[in-house]
Every structure is written in structure tokens, then in C-alpha cells.
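2 protein chains.
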Amino acid sequence: MDYYIPPLARLIEQFEKLPGIGHKTARRLAFYVLRSPEGEAEKFADAILSAKQLIKYCRVCQNITDTEICSICESDRRDRSIICVMENPKDVVSLEKTGEYHGLYHVLHGAISPMDGVGPEDIKIPELLSRLKDNTVSEVIMATNPNIEGEATAMYISRLIKPLGIRVTRIAHGVPVGGDLEYADEVTLSRAIEGRREM
Amino acid sequence: MDYYIPPLARLIEQFEKLPGIGHKTARRLAFYVLRSPEGEAEKFADAILSAKQLIKYCRVCQNITDTEICSICESDRRDRSIICVMENPKDVVSLEKTGEYHGLYHVLHGAISPMDGVGPEDIKIPELLSRLKDNTVSEVIMATNPNIEGEATAMYISRLIKPLGIRVTRIAHGVPVGGDLEYADEVTLSRAIEGRREM
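As they're listed, the protein sequences go chains A and B. Numbering-wise (the numbering used here), the first sequence opens with residue 1395 and increments by one. Numbering-wise (the numbering used here), the second sequence opens with residue 1395 and increments by one.
Treat the hints as calculated values from the structure; they're not laboratory data. Each hint should be verified, as a subset may be incorrect.
Since copy identity is lost for identical chains, a pair holds within one copy or between any two.
[Unchecked claim] Simulated pairs of lysine-lysine, DSS-like, Cα-Cα distance not exceeding 25 Å:
| id | residue 1 | residue 2 |
| --- | --- | --- |
| 1 | K1450 | K1418 |
| 2 | K1527 | K1556 |
| 3 | K1491 | K1518 |
| 4 | K1484 | K1411 |
| 5 | K1437 | K1518 |
| 6 | K1556 | K1491 |
| 7 | K1491 | K1450 |
| 8 | K1556 | K1411 |
| 9 | K1411 | K1491 |
| 10 | K1418 | K1491 |
Quick caveat, the model's predicted, so the values are computed rather than measured.
The whole structure should be built from the sequences, with the hints applied where relevant.
Pasting the structure below:
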């Protein structure tokens, strides 16, 4: 039975596709959009389109950016001898918020996970290796998630980098094992960076 | 400090405006949109715009519709002698789902609430009264929410309608007092319609 008119049904359906949004919440959000003041729906739609259109990967570190090279890679106040390797752009934001890290980043956009069909060639590992060729980098911190896939990815990358004579470290397990970096608080992340150890 | 690039910050901000969506959820949804497959973001944006553009109020019952007159008002299988007055379009959907009501509707788009500055002239009461002029309607069911504002609105409207010689009923308090019609289950709503009483 069709209880909703088509434009409303389509909007509810689109909200339902979002992660963690069920049917009742989708319905509530759709009705909110309908009732929203003039111009608000247009701003919302435009934010979606322009985020999707303007945001690309930094040519150097693969983090998301709206410029060719991101502001961190462009900055002359960052320590260029150290690269922190992370799985996702939001992990970079979490670490930046601690204010304790001043090196560069490299975003893998995922972790090696044979169960999900993600191999080393599916994430930004080749891009990381090519950044290490000019000998400016002396340390790579593996800050992938402290779960099975993240540990395996850290291990895999460390085996590729160590032969190059570059120090490879792993963030300390101050971050709760089995969790996601996204939910770690700033202090825990700071401790994790401080307590990093040779791997 | 700006941890997010502007297009992403704008998208997060738009998601945060939605009811019940906090900063962390907004961030998660924004990143989901960024990662979504080609064309999905466009479909989402289009659903928002077209819902807002195509949906208007039915000229008769004030329910939302994408045609001049809604399908319920147009239908020749509905009992035109009875009008169920509800606060919101989603309440109509809830009652339609019970399959037990075959009359017409009238959507007020709110309830009288002096605390929020909503008076009788701010909701669709004049539109309801003008529907009662041609003597086809013999009963008006007040199905506003079973809370203070809903009760007050039902009382206010019943005082206007009774002098016209039209029967005015109130849905039974099978629906939990103090709650919202949106969350009532179909059976409870059915009982509420069955047990309606003179007011």
C-alpha cells in the first residue's frame, strides 16, 4: 500500500539509505525537510552536491581536500620527516584535535581485509611507498585502527618499509583494542602517540 | 580551529540541523555521503529539492499532496459525511495504515499553543469550518494529539462546530495520554477510533 505520495516516499527512501537511520527516523527527517523554512532545503541539497563535487583526495597524502594539495601537506610548519599512516580522513581530524602531532599524514582509505575482498592494492599503499623514495622521511607511524584489519595492515606495511631503512612505529595500545579510532578521546590518542614503539 | 575543509564543514552543519542528529552522527552521515557511489549524492539532493518543490497542501483537506486535490479527497470510495481532524500529515498515514477508517480528513498543521505563540488563526481551522457549510458532513472526529495542546484544540474546535448541529466526537483515550500520535501502534489507534465518544 502506498501511504506516502511519491516525492515524499523518495525522500524517506533516501534518508533510509544513510547508516544508522531506520524507517521512523527517515520519516521524521523527511517531514522536517518539508516543514523547513524557505531556502533551507536548497542549502541542504547544495551542501550535499558541492561536498561531493568539490572534495577530492590530496595528491600527496590522499586525505580529503578541496585543493590540489591539502593544507597540512602545504604547511611549512609541519615536520616533513615523519608520516602518520591512518585508515580514514576522520582519523586525521581526531589526531589533529589533540594538537600533539606536527608531522605529515598518509590516508589509506581502508585497511587490508581479505574477508571483505580488500587487498593491499585496493588501499593507498603504493602512494605511501612512492613518498618514501626521496629520503626525507625518517619515521612512519602506523596509526591504523587497533583491530584485526588495522593490525594486519600495519604489519604488512611495516614489512615493506623497514628494508628501506626507515623507522616504523605503531601507536601504543592506549586506544582500546577492538575499537575504532573515531571514538577515542583526545587524551587517549595523545598517550597513544607518546607511547609509540618500534615494530 | 578548522579541522574540516569548507565543503565538508557545510555538509556536517546541514546534517546537524536535522532533529535528533548530533555532531558525531552528522559527521558520520557526511562522510557516508562522500563515500557514496556515483550518482547517489545527486539522487539524495534531488529528492530533497523535489519533495520541497512538488509537495503542497490539498485544497480541500490541507493534507500534503503532489496534486491539486489529494487522492483521499478525490476518492469516491470514502464516506464524505465524516471528517477526521488531525494535527499532522504523518498522523493521517498512521490512521490510514489501520485500514479501519473510511471517511475524509482535515489536517490542521499544528495545535493551538499559546506558550508557543500558536493561536486558532495560525492553523487550518477556517479551512475546516468552510468545509462544513454545505451540510454534507454529519460528524467531525477530533483526532488531535492526546496532550494539552491537542485537547485544547479539540475543545476549541468542538465549541465552534457544535452550534452548526454537527456531531463532534473525540478519539478514545486508547492512545497513551501525554504521548504523540506518531508513535501509537495500529491496534491502539483502531481502538481509539472505535471507542470515540460525544464531546
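Going down the list of hints, with the structure as the test:
no. : hint          : result
1   : K1450 x K1418 : between (33 Å within a copy, 22 Å between copies)
2   : K1527 x K1556 : within (13 Å within a copy, 87 Å between copies)
3   : K1491 x K1518 : within (24 Å within a copy, 50 Å between copies)
4   : K1484 x K1411 : both (21 Å within a copy, 20 Å between copies)
5   : K1437 x K1518 : neither (33 Å within a copy, 28 Å between copies)
6   : K1556 x K1491 : neither (29 Å within a copy, 64 Å between copies)
7   : K1491 x K1450 : within (22 Å within a copy, 45 Å between copies)
8   : K1556 x K1411 : neither (42 Å within a copy, 47 Å between copies)
9   : K1411 x K1491 : between (30 Å within a copy, 23 Å between copies)
10  : K1418 x K1491 : between (34 Å within a copy, 14 Å between copies)
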